[in-house]
Amino acid sequence: MAAELTILTGADERDLTKLDQYRAIGGYAQLEKARGMGPEQLIETVTNAKLRGRGGAGFAMGRKMSLVPPPDKRRSPAYVVANADESEPGAFKDREIMRRVPHRFVEGCLIAAHGIQSQNVFIYIRGEYLTEYEVLSDAVEEARAAGVFGDCDVVVHRGAGAYICGEESALLDSLEGKRGQPRPRPPFPPVTGLYSGPTLVNNVQTIASLPAILELGVERYSELGVEAAPGTVVYSLSGNVNKPGNYELPLGTTLRELIFEHGHGIVDGRGLKAIIPGGSSVLVFTPDQIDVPLDFDSVQAAGSFLGSAAVIVVDDRACMVQLGLRGAKFYMHESCGKCTPCREGTRWLVQLLERIEGGEGTRSDLDLLRDVCDRILGKSLCALGDFAVYCVGSYVEKFYDEFKRHVDEGGCPFDGASSIDGVLAPSDTHVHKHLPLVPA
Amino acid sequence: MSSVELVTLVVDEVEVQVPKGLGLVETAAAAGIEIPVFCYEPRIGPPIGACRMCLVEVDGQGKLQAGCTLTAQDGMVVRTAQTSEKAADGQNATLEFILVNHPLDCPVCDKGGECPLQDLTFRYGPGNTRMTFPKRTFDKPIPISPLIALDRERCILCYRCTRFSGEVSEDGQLIARNRGAQSVIATFEDEPYRGQFTGNVIELCPVGALTSTPYRFEGRPWEIQNVPSVCGMCPVGCNISATTREGKIKRILSRNHPEVDGGWLCDKGRFAHGHLEASDRVVDPLRRAAPRYDELSWDGALDEAEALIRGAEGRIVTALSGSETVELAFALGKLLRQGVGAHSALLPEPVDHSYDAYTAPLSTIREAQLVVVLGDEPVAERAPIVDLWIREARRNGAEIVRQSEGDPELERRLREADRAVLIVSGADGADVARAGGLDRDGCAAFRLPQTANGRGVADAWAAAADAEAVNPEPIGLLIVSGDEAAANPDVRAMAEQAEKVIAIGMFRRLIAPWADLILPGTSYLERDGTYVNLEGRLQRIRRTAIPPAPDEVAVVSRLAERFGVGLSPHPAQVFEEVSGICYGGLPYGEVGEQAVLRDRVPTSPPAGDKVSDTRHVSEGPGLRLVTYRALFSGPAVERVPALDFQRPPAEVELSRDDARRLGIANGQTVNVRSNGTSLELRARLTRELTPGVARIADEHATGLEGRVEVSA
Amino acid sequence: MTATEFHDRVQELRALYPDGRSAVMGALHLAQKRHDGWLPVEALEEVADAMELTPAHVQSVASFYDMYHLEPVGRHSIEVCTNLSCALVGAQAVVDALAEELGVAPGETTEDGAISFRLVECAGGCGYAPVVVVDQRYREPVRPDEIPALVEEIRGR
Ligand SMILES: Cc1cc2nc3c(=O)[nH]c(=O)nc-3n(C[C@H](O)[C@H](O)[C@H](O)COP(=O)(O)O)c2cc1C
Ligand code: SF4
Ligand code: FES
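Protein chains in written order, with our numbering: chain W, 1 to 440; chain U, 1 to 712; chain P, 1 to 157.
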């Protein structure tokens with residue numbers, strides 16, 4: 001079913017990190033095609049293909065491109081920024097794309113640049129992806145040497161370990177050499193972005209989808225996936241499944257198919273307890289939602305978000321309080337510290353969850369926990385605060401009895417048997433030892 | 001300026017009309033409605049939406065919005081906490097989160113009683129705390145300099161202080177470290193926060209996290225008075241309010257004059273008031289009985305002064321400081337010139353009135369398209385706030401050109417830019433200003449004087465009589481007015497020659513042992529009167545503290561009686577007299593709390609006596625030496641130990657180009673030589689210096705002159 | 001990399017961007033390489049000088065990101081991801097095995113300064129969990145019983 005692929009196409013058969021191999025399957029031909037069309041026509045094609053962002057927010061890429069003012073209406077140059085900061089817990093698809101089809105991604109970047117008539121592409125890759133950085137940089141050099149860039153240039157910029165830098169405006173601050181903290185929006189990047197120039201920020205996978213759209217044409221591309229969101233997506237499957245990994249499938253594939261066919265079911269035939277459909281930052285599903293199709297609208301209709309299509313499977317050995325606590329520690333550690341509700345709220349969540357897991361909690365602590373969630377939700381500068389609440393808050397709502405038992409029975413009902421019992425987080429080890437310690 | 005588009009919107013059911021794009025906070029205020037804020041402070045740049053105190057409900061937006069980041073759009077419907085449950089709850093939530101880790105140590109906090117956090121919690125906050133965990137703790141308070149204490153537990157991370165350091169003064173020294181809940185405000189490796197403007201962060205901090213070390217525990221808000229006045233430390237004349245308690249000055253705050261200082265102060269103006277309590281302050285008249293000095297009664301002192309003046313038979317020279325009020329300078333002038341025909345004076349500095357043709361509010365600089373800084377004396381050391389205006393202009397997109405001297409090309413560019421400002425700092429600029437046609441609208445030229453009121457003093461002295469000065473030989477009596485004059489080497493040299501010396505000053509160690517009669521002086525903080533700043537703006541200074549000795553004007557007026565010269569002891573009346581002669585009869589009462597700038601005075605070239613500031617230096621090998629009087633120097637600063645760390649380090653500033661040519665790295669110790677003298681100094685590389693120049697503060701350049709050789 | 005080589009590399013980096021300040025992260029990565037894997041005060045000053053920024057600003061940036069180390073680290077690093085996906089499949093057992101084998105707790109460096117042992121947030125290997133990162137290279141997956149051999153291999157480097 002290779003025809004079903006639009007992103008990892010051909011990667012199983014050949015080493016597509018090499019330019020000649022990529023060229024051999026028609027690589028960079030779509031860039032030529034794109035440059036053949038006028039920018040408006042290109043944007044129109046992307047719009048008609050209903051390509052929606054794969055980075056989390058699911059915003060229509062064509063729409064975003066059209067928000068970038070044309071050259072005659074610009075005060076400063078426009079930029080394309082590829083968001084390769086992939087740090088969403090559960091997501092590892094961009095990494096595979098960059099490692100296996102770097103040229104397709106680079107081709108997509110150049111196509112996007114042509115669409116908004118920009119001469120500068122910046123790829124912001126998370127610092128931990130060193131191997132991917134090297135593979136990608138080699139591909140960029142190879143392509144530059146082969147002269148496919150034309151009057152456009154591509155710079156690969158390494159991050160240095162900060163989840164928040166995946167948030168587009170924080171990414172831009174980081175790329176400008178500042179602390180990666182989100183900016184108030186509006187103005188949005190397409191109007192005022194990098195160096196306050198119009199900037200198109202898109203996720204690696206979104207961009208890597210462009211060549212296929214041009215190759216297949218809007219019609220054939222639209223035959224893949226669902227009506228409202230055509231195309232394929234690389235699902236990252238992880239957790240307690242027999243065959244975890246990345247699976248490129250049409251949008252709208254059901255959780256059941258992904259987990260039980262492609263993932264070969266739950267390990268040791270354990271019971272399915274919870275499914276996180278889009279990375280740790282979305283609301284949790286319960287087993288009864290196993291037939292939800294994984295596309296933007298269906299998942300949202302079912303009360304969560306497709307996010308980065310990273311599906312985390314949780315079997316019946318895991319304590320949801322512990323899972324929530326581990327999640328909360330992540331958001332506390334990654335909160336940038338700029339806005340009050342996120343900075344203070346995530347820390348408070350950790351303190352409350354620790355008390356509840358430790359058996360010291362009361363019913364009123366549970367109420368307070370929910371209330372703190374409400375008070376963070378929708379009030380922080382960027383969505384990180386909301387993400388913490390989607391994670392912790394949805395565990396509390398969907399597994400309230402388990403939380404209640406913790407306070408009523410004065411401790412964790414799993415009594416040490418939970419699969420994630422006592423798991424430590426970086427925040428437990430004080431990464432910034434040299435500076436004033438914050439007891440959390 | 002084209003007429004601004006007005007938009008109509010509704011805030012809490014109140015309809016308001018405001019210019020499109022006006023900030024929502026200001027818009028609401030226009031409707032008489034408060035949108036509470038912490039991090040929002042337009043003077044330090046665009047909003048950052050960090051604290052979330054300003055949450056409001058906007059029709060059509062699902063989420064609450066940070067009001068501080070929004071601007072007025074037509075048809076917008078906004079609900080603040082007054083009319084929106086949701087907004088009220090949001091603001092309440094923000095305050096709860098802020099207080100979760102706030103120590104609530106208000107009883108022992110200097111901010112108590114004048115603290116936005118207290119006030120907003122009172123109006124919008126939760127009544128109780130639900131936080132039952134140990135709060136974040138840090139060592140507290142830690143000095144981030146001898147002037148400023150930081151209490152990290154109180155900090156609410158609004159980033160006002162760090163934005164000031166990064167985006168207003170651009171010193172980049174006060175920063176945030178770490179991430180998330182571990183974020184703290186800090187300096188590099190706990191080095192002191194040095195710079196001309198550090199104290200402003202104290203006023204910006206909305207809580208008690210950044211407090212003034214000199215002011216710590218000095219007074220509660222209900223025990224103090226704030227007296228409006230004007231700073232007398234440099235020619236800018238920032239508007240201040242002096243916080244006093246029991247007649248003593250406890251601190252100096254800014255009193256925002258949008259045209260002059262934009263609400264900022266330099267650390268000299270803010271912290272040097274400690275010199276009022278100097279241990280060597282002269283409080284009684286003293287007569288020299290070498291090697292001692294005897295205290296005199298005031299009548300005795302006046303007899304003595306009269307005798308000295310009469311004894312000199314007109315062979316009198318008066319050396320002025322430029323810190324005298326207009327009234328004092330006039331009083332001295334009237335006494336000596338009309339009383340005994342002693343017309344010759346050593347004025348603090350030359351004044352070039354031709355600049356009156358190009359004057360404008362300093363705030364004009366902010367709007368400029370082209371700013372030319374002519375001359376190599378550092379602006380921030382001469383007139384600190386002007387440096388802030390220039391930086392703001394740069395951030396607004398202005399081009400900043402720095403040159404040692406004018407040239408035709410520069411004049412052309414000044415002519416062609418549609419908003420050009422010339423700032424002259426130790427060079428000849430009058431002709432450049434004229435050639436640049438800077439009397440156009442939106443343009444301006446400023447010459448940076450060296451003394452706070454050199455202009456006013458010159459005006460007043462000239463107004464006192466109109467007879468030619470004849471320089472007496474030998475000098476029978478030298479009258480030294482003020483400590484700056486007393487500290488001036490030329491004046492000292494004259495004192496050596498003079499048969500007798502009367503000195504009026506504050507600091508004994510400066511005047512003894514060379515003066516025959518010492519009369520106690522007062523500070524600008526202890527006097528009533530007027531100053532003229534570098535714009536030519538006449539400003540009112542007030543007696544904010546009780547001086548240990550009578551006001552000089554009163555003393556001079558009693559002395560004047562003895563010479564049959566009629567002179568009021570009251571500055572107000574003295575001013576009316578001067579004003580009639582040189583300030584168009586402007587009444588004292590109308591100088592006002594926020595003084596206005598007089599209109600430009602068109603001058604037909606060449607204007608007045610031509611003044612030259614350029615120190616001509618022969619061409620040759622090496623670099624041209626530029627020395628300057630550091631902001632943090634002089635008699636007052638020397639008497640405030642807390643300011644020692646601000647004294648100029650032993651550095652030589654070099655342009656990056658020269659440094660590269662000479663193979664000199666930033667921070668490296670270099671050798672600086674000129675005929676015979678050779679000094680070891682630390683090299684500091686800067687882009688704000690024209691190539692070919694080596695710049696050193698006076699006190700570190702002793703013995704150097706002309707051109708210097710610099711080598712690694 | 002000598003000081004001058006470093007300085008020149010940083011100038012090249014600055015030239016890549018419309019505003020040279022963007023190069024500060026790259027400069028910090030380079031400086032860290034030059035200074036045994038961490039950023040002593042001299043390193044921050046070196047970066048500040050080459051970037052024409054204040055050391056304070058550089059420290060502010062460096063302290064924001066997890067990969068810049070502001071205190072000494074071992075010659076090698078072992079990092080274990082303990083985020084949700086790794087935790088669910090036994091990351092903590094790997095952490096315990098490492099603590100046992102190395103004789104130090106996560107966040108610490110072995111006595112001999114050979115190995116720094118750290119926990120990290122999601123490394124992006126969730127499908128091949130538990131993920132262990134050795135000197136910035138991924139090992140996926142790693143089971144507790146493979147730890148002794150792994151540590152021995154690293155010590156042998
Ligand atoms: C806290 C946070 C983290 C994010 N992390 C990522 C990320 O790692 N990769 C990514 O592509 N988008 C991430 N996003 C979404 C980006 O802000 C942005 O929406 C996306 O890059 C746009 O690209 P797309 O439209 O192609 O999805 C994150 C958003 C938030 C609020
Ligand atoms: S110290 Fe004061 S001004 Fe600075 S961030 Fe903290 S609260 Fe704001
Ligand atoms: S005042 Fe608006 S977020 Fe701080």
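Check the hints yourself; a few may be wrong.
Once the Cα atoms are required to be at most 25 Å apart in a straight line, the calculated SDA-like pairs of lysine to any residue come out as [stated by the list, open to error]:
id : chain 1 : residue 1 : chain 2 : residue 2
1  : U       : Lys63     : W       : Leu368
2  : W       : Lys243    : W       : Leu5
3  : U       : Lys140    : P       : Val41
4  : W       : Lys178    : U       : Lys86
5  : U       : Lys86     : W       : Leu5
6  : W       : Lys73     : U       : Lys86
7  : W       : Lys243    : P       : Val41
8  : W       : Lys243    : U       : Gln369
9  : U       : Lys63     : W       : Lys73
10 : P       : Lys33     : W       : Asp374
11 : W       : Lys178    : U       : Pro42
12 : W       : Lys73     : U       : Gln369
13 : U       : Lys135    : W       : Ala57
Label-pair distances were calculated between CB atoms; the ranges are [to be verified]:
id : chain 1 : residue 1 : chain 2 : residue 2 : range
14 : P       : Thr2      : U       : Val401    : 32 to 40 Å
15 : W       : Lys243    : U       : Gly21     : 39 to 47 Å
16 : W       : Gly410    : U       : Glu26     : 52 to 60 Å
17 : U       : Arg629    : P       : Thr2      : 54 to 62 Å
18 : U       : Gln403    : W       : Asp153    : 46 to 54 Å
19 : W       : Asp15     : U       : Gly21     : 49 to 57 Å
20 : P       : Thr2      : U       : Gly113    : 56 to 64 Å
21 : U       : Lys63     : W       : Gln119    : 30 to 38 Å
To give an idea of the interface, some chain W residues facing chain U are shown, with a C-beta separation under 10 Å as derived from the structure [as the list claims (entries may be wrong)]:
id : residue
22 : Phe188
23 : Arg220
24 : Ser222
25 : Thr286
26 : Gln289
27 : Pro293
28 : Met332
Simulated from the structure, these hints should not be mistaken for laboratory data.
Here a beta-carbon is modelled for each residue, glycine too, at the ideal position from N, C-alpha and C.
Comparing the hints with the structure gives:
no. : hint                            : in the structure
1   : U:Lys63 / W:Leu368              : holds, 22 Å
2   : W:Lys243 / W:Leu5               : holds, 20 Å
3   : U:Lys140 / P:Val41              : holds, 24 Å
4   : W:Lys178 / U:Lys86              : violated, 34 Å
5   : U:Lys86 / W:Leu5                : violated, 47 Å
6   : W:Lys73 / U:Lys86               : violated, 39 Å
7   : W:Lys243 / P:Val41              : violated, 47 Å
8   : W:Lys243 / U:Gln369             : violated, 64 Å
9   : U:Lys63 / W:Lys73               : violated, 31 Å
10  : P:Lys33 / W:Asp374              : violated, 44 Å
11  : W:Lys178 / U:Pro42              : holds, 21 Å
12  : W:Lys73 / U:Gln369              : holds, 22 Å
13  : U:Lys135 / W:Ala57              : violated, 35 Å
14  : P:Thr2 / U:Val401: 32 to 40 Å   : holds, 37 Å
15  : W:Lys243 / U:Gly21: 39 to 47 Å  : violated, 56 Å
16  : W:Gly410 / U:Glu26: 52 to 60 Å  : holds, 54 Å
17  : U:Arg629 / P:Thr2: 54 to 62 Å   : violated, 42 Å
18  : U:Gln403 / W:Asp153: 46 to 54 Å : violated, 36 Å
19  : W:Asp15 / U:Gly21: 49 to 57 Å   : holds, 55 Å
20  : P:Thr2 / U:Gly113: 56 to 64 Å   : holds, 58 Å
21  : U:Lys63 / W:Gln119: 30 to 38 Å  : holds, 36 Å
22  : Phe188                          : violated, 12 Å
23  : Arg220                          : violated, 37 Å
24  : Ser222                          : violated, 30 Å
25  : Thr286                          : violated, 26 Å
26  : Gln289                          : violated, 25 Å
27  : Pro293                          : violated, 25 Å
28  : Met332                          : holds, 6 Å
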